[in-house]
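> Below, each chain spelled out in residue letters.
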Amino acid sequence: MLEKFNYDNKIVRNFAIATVLWGLIGMTVGLLIATQLFSPEMNLGNQYTTFGRIRPLHTNAVIFAFVGNGIFMGVYYSLQRLLKARMFSDALSSIHFWGWQLIIVAAAITLPLGITTSHEYAELEWPIDIAITLIWVVFGVNMFGTIIKRRERHMYVAIWFYIATFVTVAVLHIVNSFQLPISAFKSYYLYAGVQDALVQWWYGHNAVAFFLTTPYLGMMYYFLPKMAQRPIYSYKLSILHFWSLIFIYIWAGPHHLLYSSLPEWAQSLGVAFSIMLIAPSWGGMINGLLTLRGAWDKVREDTNLKFMVVGITAYGMATFEGPMLSLKQVNAIAHFTDWIVAHVHVGALGWNGFLTFAILYWLIPRIYKTAIFSKKLVAFHFWIGTLGILFYAIPMYLSGFLQGLMWKEFTPEGMLKYPNFLETTLQLLPMHMFRAIGGLLYLTGVIVMCYNLIKTAGSGKLVADEPAEAMALEPAFIPGSGEKTWHRSLERKPMYFLVLSLIVILIGGMVEMMPTFMIQSNIPTIASVKPYSPLELQGRDIYIREGCVNCHSQMVRPFRSETERYGEYSKAGEFVYDHPFLWGSKRTGPDLHRQGGKYSNAWHFNHMMDPTTMSPGSVMPPYPWLIDQTLDISTTVAKINAMRTLGVPYENGYELKANADLKIQADAIVANLAIDDIKVQSDKEIIAVIAYLQRLGIDIKAGRIGSNQ
Amino acid sequence: MFKQFIDKSLGADVYLITSLGIFLVFFLVVTVLLFTMNKKHVSYMSRVPLNDDKA
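Read top to bottom, the protein sequences are chains A and B. So for the first sequence, my numbering puts the first residue at 1; every next one is plus one. So for the second sequence, my numbering puts the first residue at 1001; every next one is plus one.
Bear in mind the hints are in silico, worked out from the structure with no lab data behind them. Be aware that a few hints might be false.
Stated by the list, open to error - 30 Å max Cα-Cα, derived DSS-like pairs, lysine-lysine:
id, chain 1, residue 1, chain 2, residue 2
1, B, Lys1040, A, Lys236
2, A, Lys4, A, Lys493
3, A, Lys328, A, Lys4
4, A, Lys684, A, Lys586
5, B, Lys1040, A, Lys376
6, A, Lys226, B, Lys1040
I would like the entire structure built from these sequences, with the hints used as guidance.
Here it is in C-alpha cells:
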C-alpha cells in the first residue's frame, strides 16, 4: 500500500543554523586562545578569559556544539530518507534541539567561571552531565522510534554508524561521569590517579572515535553517494570496515598514556590495537575515495566534492598518523608537544570541518528549494579553508618536532642543552603566530560560508514538510523465503544490531580496564604518600578551577631528559589520592609534578602576580585575583567528607578540625612570605595555591621511597 | 623493540595474544560471512541512498 508522508526539514534547518552559529563562536574562541599563546595580553586581564578557562570552552564548543549539531543535522536529514519515514516524534526532535542548545549555553557560562571537572572534553560538571544523558536518551528514542516505523526494511550502512554512535557515546559518557557531588557545581571523580587517567583516556580516545568519526562516516556513506550520484564503492567493505572499526577503536585509549604510570601491559595493549586501527580506518577512506572512481571530472567542477575529497584525505592522514604516534619511540618525542595539536586539527579542520561544510552547501539549497547563492564564494571558501589548514598544521608540526627534540637535547658534557623550559617555549612563538594566521584564514572561510548560506536561504523558502511517498512495510517476514544471509537479517533488526554493537565495544573496554581496577598489584602503594592537607586540597581545587592542567602536566616520564629536568619520574602509587588525576596532555609550560620545594613561597607569590618578573618573556598569564580573592573554607568539611567516602584515609571527625589545620598551615606560609617583605592575609586563595604547589611530588623525594617500585 | 614490552609487563603476553586472538576470530567470522552475502542484496543496499528521492 502506497503511503504519503512528510519529511521534517525544519529540524534539519534548525540544527544547520546551530552548527554554523556555534562553529563561528567556537572557532573565534580558538583564534583567541591561539593568540594568547604568543601574546599574554590577549588573556584580557581578567580571570574569565584566561587560557586555562577558555581552552575547554573552545574544545567543547567545536566538538559538542559545532560538530554535535552538525551530526544531528546530518542524521535527521539522512535517517528520514534512508528509512522513508518522518522522524518518530516532532516533540522529541524539538526537545532534543533546544535541550542540546541549552547544554551548550550552560557550558559557555560555567567554563569561563572555572566550573570544571578537569577531564578533557568532559569538563562539564555533574548537573550538566545529567542533562546531556537525558537529551542523549531523547535523541536515541527519536532515532529508534523512526527506525521502528520505517518503510525500508533494511538499514543502510550509514544507520549502523548512527546506532554505534548512539550506544557507545552513551556508555562513554556515563562511565566517565561517575562523580560524587559536594555542591551544585563541584564534584570529585570516583576514580583516582591511574584508574581515573585510564577511564578518562578510554573516554577521550573514544569520544574522537564515536563522536568525531563514526557519525561522520555514516554521513559520508549517505551524502557522498548523493553528491556524486553513484553508489558507494563497496558495500561489503563497509560492513567489514564498520565492525572492525568499532571493535578495535575501543581498545586503543591507553596510547594517550604511554610512558606514564599506567601499567605497562595496558600501554602495550593500547599500542597493538592502535596499529591495527589503520586497517579499518583506511577501509573507510578507501571506500569514500573510490566511490569517486570514474567521476573525478565531477570533482573538478563540483566544489562540494572537493570539500569531501580533502576531508576524506585528511581523515586518511590523521588515521595513519594516529597509529604512528602511538608507537612508543615516536610518542616519546611527540607527546605533550604541539605535534598532537597539529594531528588533532588535521582531523578536526579537514575531516569534520570540510565534511560539515560540504553537507551544508548541499543540503541548504535543497531544503529551501533554490540554488546556492554564489558558487564562487563556495570555491573561495574551499581554497581559503584549505590554505588555513596548511597554515595551521605545518607550523604546528614544525613546532612539535622542535619542542620534542629541544626537551631531549643534551650537550656533549651530558647536561641538558635547554635547562630552562621557557627557552624552548620562546623559540616556538613564530610558529604559533603562523598557526593563528592559519586559524584566521579558516575562520574567514566560515564567515563567507555563513553569508553565502544566509543569502541562499533568503532566495528560497523552507520546505518545512517535504512530501514523500513509499510503500508500507509488509508486516510479515517469511523465514526461508530467500533471506539466507546473516547480515541481511541483522539489517532488519535494529535492536539486535544495538545489542551486538554494545557487546563489541564492551569487550575492549572491559579487557582494558578490569585488571587495573581489580588487581591491586597494578597500582603499588607507597607508604610515604599521604592525603593532602585541607589547605592543599583547597589549593588543588583552585588549580583545577584555573585550568592549570591545560598547560602543565604532572607526569614525569622515565627518560633521562625528564628526570634531569624535573626530578624522579612519577610512580603510580603517588596518585592514589588524586580525585581527579591531573597528569595533563600538553606542556605549554613545564611539568609540575616535582614542583614542591623547588622554589620559595615568595617566588610562587611573585610568579602568580606577574610571571614575567620571575621568568622574563613568559607567556603565562598573570593571576592577580588569587591575591585579592578570599578562599572559601565553608566547603572544607564537605570536601574532606567526600574524599573519605572515596577512600582517602582522613580519620573520622577530621573534617571538624580541618579548618583549624588549614589556618595553621596558611599562617605559616604567610609568616614565611613576610621574611621576603610580602604582606598578604592568610585567608587569600594564593596561599592555598602555594601550599598545593609546594606539596607536589614531595612524598617520595630522595630517601623516602618505601615501596616496591 | 617488542622485547621490552614483554619483559617489563607481567602477563602482558597472555593479554596481548588473547586480545589479538579475540579480534582475529571476530575479523575472520565477519570476513567469511561477507563472502556468503547475496550479490543482489548487496547491490540493492548500496543503492538505497540514491533511491530515496524517487520514494
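> If a hint holds in the structure, say so; if it does not, say that too.
To see whether the hints hold, each was checked on the structure:
This hinted pair checks out: Lys1040/B and Lys236/A have alpha carbons roughly 12 Å apart, not beyond 30 Å. Using a Cα cut-off of 30 Å, the hinted pair Lys4/A and Lys493/A holds, with the two alpha carbons roughly 24 Å apart. For a cut-off of 30 Å, the pair hint linking Lys328/A to Lys4/A is broken: about 58 Å separates their Cα positions. Only pairs whose Cα atoms come within 30 Å are accepted, and Lys684/A paired with Lys586/A is accepted, the gap being roughly 29 Å.
For the proposed pair Lys1040/B and Lys376/A, the alpha carbon gap of about 42 Å is over 30 Å, so the pair is violated. For the suggested pair Lys226/A and Lys1040/B, the alpha carbons sit about 21 Å apart, so the restraint of at most 30 Å is met.
Checked against the numbered hints given earlier, this structure breaks hints 3, 5; the rest are met.
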